[in-house]
Amino acid sequence: MPETPHRRDVMRLGLAAALPAGAALAQAPDPGTLYVNGTILTMEGDAPATVAAVAVRDGRILFAGPRAAAEAALPGARLVDLQGRTMLPGFIDSWGHFLLFAQQTLGVNLAYFADDPPRTKADVIRLLRATPAFNGWITGYGYSEALLSDGPPTLADLDAAFPDTPVLIGTLSTLTGKANSAGLARLGITAATPAAQPGMIVKDPATGRLTGDLLFTPYLQARAAALGTYPEAQAFQTFRAAEALLARQGYTTVQSYQLVPADMATLTAAFAQGVLSLDVMGLPAISDAASGQMVQLNDWRWGRYSHGDRGLKVPGYQVVTDAAPQLRLAAFTEPYADTRGFPDGWKGALLPREMVEQWVTYAYANDIQLFAYSNGDAGIDLSLSAIEKAIAATGKTGDRRSVIAHSYFARPDQLARYRQFEIGASMMPAHLSIYGDQQSGLLGPARANKEAPMATALSLGVRTTLHCDYPSASPNVMATIWSAVTRTTLTGRVMGPEERLTPYAALQGFTSKAAYNYREEGLKGTITAGKLADLVILDRNPLTVAPDAIKDIRVVETIKRGRTLHRQS
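For what it's worth, the numbering used here labels the leading residue of the sequence shown as 28, then goes sequentially.
Bear in mind the hints are in silico, worked out from the structure with no lab data behind them.
Built from N, CA and C at the ideal position, the CB exists for glycine as well.
Among the hints, a few may not be true.
[To be verified] Derived Cβ-Cβ restraints for the label pairs, each shown as a range:
no.	residue 1	residue 2	range
1	102	419	56 to 66 Å
2	85	570	39 to 49 Å
3	106	153	23 to 33 Å
4	234	328	47 to 57 Å
5	595	105	43 to 53 Å
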């Protein structure tokens with residue numbers, strides 16, 4: 028497997044990476060901190076702006092401006108010399124899986140961004156052998172068949188290495204995986220077992236025997252069974268591990284979508300006990316189309332934090348229209364170029380229109396922020412038509428901070444409607460880097476090159492943020508910025524260069540614009556007096572290094588509310 032920018036300096040997922048709990052300790056009055064002698068990018072406005080000094084006290088930015096004025100505003104403050112480094116607002120995650128990322132610390136990271144990424148199936152076996160069992164299972168996450176030189180481990184490979192211990196490994200997509208024979212037996216899966224839908228329990232077409240591959244619902248059920256239930260203290264341990272990993276990438280606010288009420292309760296308890304310092308934006312999904320119970324709970328605290336101005340915030344909920352293009356589940360108006368294994372003319376799969384329209388309208392009618400999730404252009408058409416119907420039914424227009432996440436293959440005419448309906452787009456340029464070569468075959472080069480049309484969106488006035496969608500890709504923000512600026516795949520191919528972003532526009536997607544998406548522009552996203560002292564210090568300036576060097580920029584320090592969560596050793 029070639030050396031890739033995404034996996035450098037991204038840590039092995041494991042509990043050993045955990046930081047101490049984020050509980051506040053009794054402290055003497057804060058004399059404040061003054062940051063000087065660096066490039067301090069405020070991220071205010073659509074052109075780069077800098078200040079000479081930032082004064083911080085009691086978790087807030089007291090002053091940002093000339094050094095002499097900063098010293099006068101905070102006499103006696105602790106002086107921090109940035110030594111020419113670059114300071115920015117802390118990074119804000121606009122689409123991610125914090126809880127899933129945390130859960131995966133119970134196994135081994137097999138992804139391209141691991142410290143020791145597997146290059147062959149023998150490497151996968153080696154890493155699994157070094158992993159302690161949890162709940163009687165050895166689990167691994169994030170392997171990619173395309174990045175293993177001899178293909179993925181087969182059922183025979185896993186059985187030879189683990190004849191008695193159940194093993195389950197998941198792919199980078201987080202939606203598919205493979206179990207060994209001991210694992211299949213533990214799950215009660217035989218060749219006669221019907222697959223929960225949507226999904227498949229794969230059999231060899233020649234022999235009818237199980238291959239160990241589990242697709243979609245059967246894999247998700249297997250993962251849940253393998254991990255089982257574990258006490259709150261264990262969940263908190265995974266939260267600390269995940270927070271440590273994400274703080275090392277500069278995040279100060281993270282997201283976790285597809286939540287259920289039990290997840291909300293555990294996260295709220297974690298903040299009550301001082302386990303977490305990063306703010307978490309939580310989005311429940313509409314998984315019960317019949318009752319919609321998760322979004323109709325009477326005590327739901329939409330748009331409010333669990334603990335004052337921090338903790339868990341539930342800004343809105345998620346409505347899905349289709350799924351991943353690399354799995355050929357994104358819904359398109361034109362057929363896939365490669366339909367092998369699917370019906371002729373396969374265009375992907377859409378969720379029921381009635382369900383999508385029902386819950387989009389419910390969000391508008393009840394003044395709840397909508398986070399749609401659409402991938403192919405047909406999926407985006409469904410979200411847009413549902414939003415248009417909701418506006419007509421409710422009469423509610425204006426900037427409701429509605430977002431369509433991924434928006435992988437939004438057409439220019441669709442992006443014009445985003446602007447018309449004041450919808451934001453949250454895009455994932457790293458997806459193009461990882462899967463661009465593969466999607467040229469699945470969709471044809473012309474269509475594949477149009478993935479993540481970020482520049483077009485910005486030119487049309489669409490509020491556009493960027494995200495990593497970890498653990499479906501590396502959580503490395505600078506690698507994602509590099510993807511947006513260069514649009515280079517893992518094999519070095521440049522796709523759709525006309526859709527490249529400037530480094531500053533890409534940084535806005537993780538700072539000021541991401542804060543706006545969550546209605547937090549008065550609290551986060553820029554280095555402005557009165558806002559939270561959520562800050563990140565980089566070893567170099569993304570605006571001045573060569574574009575290809577952006578991927579190598581390191582996070583030196585991450586500061587949340589004035590307190591250091593990560594400092595490079």
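Each hint tested on the structure:
Under the hint 56 to 66 Å, the C-beta atoms of residue 102 and residue 419, about 59 Å apart, fit the expected range. The hinted range of 39 to 49 Å is not satisfied by residue 85 and residue 570, whose Cβ atoms lie roughly 30 Å apart. As the Cβ distance of residue 106 to residue 153 is approximately 48 Å, the hint placing it in 23 to 33 Å is violated. Between residue 234 and residue 328 the beta carbons are some 54 Å apart, a value that agrees with the proposed interval 47 to 57 Å.
A hinted range of 43 to 53 Å is violated for the C-beta pair residue 595 and residue 105, which are about 19 Å apart.
Violated hints, listed in ascending order, are 2, 3 and 5; each of the other numbered hints is respected by the structure.
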